[in-house]
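Work the whole structure out from these sequences, hints included.
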Amino acid sequence: MAGTACVPAIGGDAWYGVLDPRNVPASRVEALHRAFACSLSAPEIRSSFAKQGLLSREEGPQQMRNVMRAEQAKWAKIAKTYRLQLKQD
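Quick note, my numbering runs 1 ahead of the 1-based positions in the sequence shown.
Misleading hints may appear alongside valid ones.
Restraint ranges, calculated between C-beta atoms of paired labels, are given here [what the hints assert, rightly or not]:
#	residue 1	residue 2	range
1	29	82	36 to 42 Å
2	26	77	28 to 34 Å
3	88	48	16 to 22 Å
Source of the hints: derived by calculation from the structure; they are not laboratory data. Beta carbons are placed, not taken as given, at the ideal position from N, Cα and C, and that holds for glycine.
Okay, here's the thing in structure tokens:
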């Protein structure tokens, strides 16, 4: 996003992840992770992603939690800095 004299540029990435409910057994989470990682490594999926300018990061559940926490902290800081509030109708 381009900046202005009053507001500096704020960069961001779009990302997608698969979430499950709390308390899902670790064995189930790992099985789902392996299934998605296998699918994402298929040549036709990689080719389709590449044509769309998408990258696949086949990281594990803990890495996804880390990404989500980092993004939440980043955007919370931006919202606080610029006093942004969610408008609810």
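Going through the hints against the structure:
no., hint, verdict
1, 29 - 82: 36 to 42 Å, "holds (39 Å)"
2, 26 - 77: 28 to 34 Å, "holds (31 Å)"
3, 88 - 48: 16 to 22 Å, "violated (41 Å)"
Checked against the numbered hints given earlier, the structure breaks only hint 3 and satisfies all the rest.
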